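Top to bottom, those sequences are chains P and C. Just so you know, we're using this note's numbering here: the first sequence kicks off at 1 and counts up by one. Just so you know, we're using this note's numbering here: the second sequence kicks off at 1 and counts up by one.
FYI, nobody ran anything at the bench for these hints, they're computed from the structure. It cannot be assumed that every hint is accurate.
Per the computed footprint, the stretches of chain P lying under chain C, defined by three or more beta-carbons under 8 Å from a beta-carbon of chain C, are [stated by the list, open to error]:
no.	stretch
1	457 to 467
2	562 to 574
Not the full set, but computed from the structure, chain P residues with beta-carbon under 8 Å of chain C [to be verified]:
no.	residue
3	GLU297
4	LEU423
5	LEU483
6	LEU487
7	HIS515
8	SER518
Predicted model, so just to flag it, every value in this text is computed and none were measured. All residues carry an ideal CB built from backbone N, CA and C; glycine is no exception.
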Amino acid sequence: MTPVLEVKNLKTYFRTPFGLGKAVDGISFSIGKGETFALVGESGCGKSVTALSIMQLVPGPHGFIAEGECFLNGKEITGLSESEKRKIRGNNISMIFQEPMTSLNPVFTIGEQIVEAVKLHHKKSSREARDIAVGMLGKVRLKSPETLFKEYPHRLSGGMRQRVMIAMALACKPDLLIADEPTTSLDVTIQREILNLIKELQTEMFASVLLISHNLAVVFENANRVGVMYGGKIVEMSGTKDIFRNPMHPYTIKLLRAAPGVEKRTKPLDTIPGAVPASVDFPAGCRFSGRCHREMEGCAAMEPPLYGRENSHLVTHLVTHLAAHLVACHLYDPGFMSKPYSRPLGKIPEAAPLPALPHKDRETLLTVKGLKYYYPVKKGILKKTTGYLRAVDGIDLTVRKGSTLALVGESGCGKTTAGKAILKLIEPTEGNVIFKGCDITRLSGRGLLPYRSLMQIIFQDPYSSLDPRMMAGDIIEEGLKSLKPGLGKKSRKERVSRVLDMVGLTPDMRNRYPHEFSGGQRQRIGIARVLAVEPEFIVCDEATSSLDVSVQAQILNLLKSIQQDFGLSFLFITHDLSIVEYMADEVAVMYDGKIVESGTVEEIFTNPKEEYTKRLLLAVPRIEVA
Amino acid sequence: MPVILATDLIMYFLFLMAASFTVFAARGGGVCAQVWRHIRKDRLAMVSMFILLLYGGVALMDSIRWRDPITAQDGTFAQTPDGKRIFNPQALSLLDRILHNLREDTEKTFSPPFAGYSYVKEAIERPNGATERDYAPLKHPGDHWLGTDKVGSDVLFSALKGIRTGVVIGTGTTIIIIPFALFFGVLAGYFGGFADDIIQYIYTTLSSIPGVLLIVAFMLIFGTSGYQGGLVTEDTLLFGFFVPQDRLFWLCVIMGITSWTDLCRIIRGETLKLRELEYVQAANAFGVSDTMTIIRHIVPNLMHLVLITLVLQFSSLVLAEAILSYIGIGVGPETGSWGNMINSARLELSREPVVWWSILGAFIFMFGLVLPANIFGDSVRDSLDPRLRMGKR
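When you get a sec, could you build the whole thing from the sequences and use the hints?
Set out below in structure tokens:
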């Protein structure tokens, strides 16, 4: 049977001022009828460019398909004219994007947008197209499709919009649906619903899906086959069960080990040193060389082909639709391994276990009592306050010395607002925050200054949390100048060097601007800046959620080690429950401005009492290889 | 005796700024050296800078002026009955003196560029005594590179005189706009609340009045002419060498007052955005004072917007001067300006045959100022952005 999609040796390059960017560099795969094929990898590995290349939507004029072919139902589509391509897009191949908030046009109703998609490809009367659209809205499990048909996108939540996008994508019954990170910007519970929906409709319509994700657990639960991408190449490809049970490529192995989880609590996470290289300076040989823990002397010079064994026959990467477990690594090449250049370069460092302290006996550092934060809702020309939006509605929390309290909840539940109100970055409406026996809600101005250095915050986005016009050294010094005015210039400089060293950066990096650092390094600067003023309590507001898994592991390890070295307490605000399992001692689950349940990690994760907590825990995708 | 107009001070200020930039850039380190390093690599910006320096030089020469004593026919200085020397009320600038020939070599009326003969026929007396209508030979054939205008004065000279007006209008107004817009915009955006309301009311009110009407009203109140009449002697010179009653100066002030609102609105919006950014909140968490936060985090991150807006506004200000001169409330007819040249071109273009060189001269010179100013401004903005500075290899 011909596969629905067959990609052969696809190469998509970008001309950049720094040279030719080989975003996708010779990948081959195929997707059978009704199959879900997943491309997984960190950001910058070429997953999305692959999707755009298949759609023939490579952004010009700098991007172009340099080589390779895509076959749709056996028909070549790379060489088609623009009008022929347009007939295929949306009709034979359609796509769901990551950001449902911006992928619908706000000035047209939902109905109009679906009808437009239908009429573009099928000769239907307005009546028929309308019926199809309403039918599709029903199919994506939206309530009262007739009413929704006339609704504008802004009236819908993110999850509902993503459903509309799916309805639009499937309205023409495409052969292939490309889902590019379809749930990344959604909450866990909604992510679960959307993924289930895609699966159901896929079975119903017998469509093939190309799923693109950086989340290994999502891929595990949804894909039949997986291709792991790194540096514009597929480094490993096999059936899902096979790849997760028996990962072969060092990158895949590391990715799986870097993901936090409850079973890894006592030891640091496995990390991949460095970051994904830019597509203009990939290493000449194996793309993973330089970061690989099993690198051999010849790796950096020789590029490994993607190959595997089937019935003891060697098969190469050009044979794309096979059950064989394909891997691009010299480790599995007997020819390579018999040569002298197969000497391993470095040793695999074994992670040392962390001593765990019983957290119950630790003394209390911070108590939050009945904290409220209301946003006034203003109306009319005179801006009279007509009501309040209860972002944080009376929460109680206790943080113990040297331990971590995780505050979890979905977006919009008020967890970030709570974190800022505790630090008095915003003025709480009501309630007390007692830190070391002092109610800091009563302090202001100068009185608050001593507490400012003891209580600090690490922000989510390493790109907006550092002033782009200040050098790293100045950024770190800023807090020192303000909070430790007694320090002389020399001792300030010394301390900057010390904290840079502590977070794993070199002191000479102080003279660089934020944009010269990678995302992970920037987050390290954010941590260094906080450590410089010697705090005892740090609020980590989604401190790792914008980072790749391998970098997230580095940062989590760093946070854990500084906690142990300095006896710091953390309030970890996050939506990612796997991080909670790994990092936290206690958990507070927040919903709609209130704490619905709190307790130790073991209590909550093994025996949740509230309905909401149960739902949240069930929705988390997990990798369970029996 | 030197005469200093209020607008001359603007030019001197500009010269001082450029000079101090050179000194700081040469000394190395700091912002100036940074900007210079970047511009030096950018060939287009270097060319622009060279052109701008030429314009600046001409404008500066046109801003150094002094009055000459009037000489009597016998070569002695003219004197009042009580023995005071009498001076010419018109103070000629250094430029006027250098381009003496261009200024003095006038023709009778229109002549095209590089022409040998006049553009209109007139009655000429031939050597044989006959009179006929023909194109008269010029007094200075081939000397007028851009032709002559209706009264026969050199168009190139008028255009060169227009440089000072254009530069003064552009920079003078800008100098007034920046502090207003930056101060009020940041105040409104950063603190919000009451301050925001008041400032918004002010600029909405100001921008709801048609700009030209407002300028007309202001000009009628303040825009008195420079020379007040009367005899200029040694005494008047001693006390009155500084002339605040300068139409051009008031034009700058008035245009500044009416056009700071656009920039202010942009700055307020950007400040609102910046205030919510995490690095500002981080500064807040470190207990950094509001003033320091504004100076260190808000203003530097606004500079690119300020530069873009000013460069765009610079061009529109030069154009606005032309419009105002057109309706007769710009600089006086005695001051050379591109606006006046364009204004007169209105009639020249409608006559037959068309006189095209006057507007061409104004166009070339305006273009030559506005385009390099844009390119140079862009390059300065890039040089101040650390992201771009390092990105360029």
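Here's how the hints hold up against the structure:
no. : hint       : result
1   : 457 to 467 : holds (count 8)
2   : 562 to 574 : violated (count 0)
3   : GLU297     : violated, 31 Å
4   : LEU423     : holds, 6 Å
5   : LEU483     : holds, 6 Å
6   : LEU487     : violated, 14 Å
7   : HIS515     : holds, 5 Å
8   : SER518     : violated, 14 Å
Hints 2, 3, 6, 8 from the list above are not met by this structure, while the remaining hints are.
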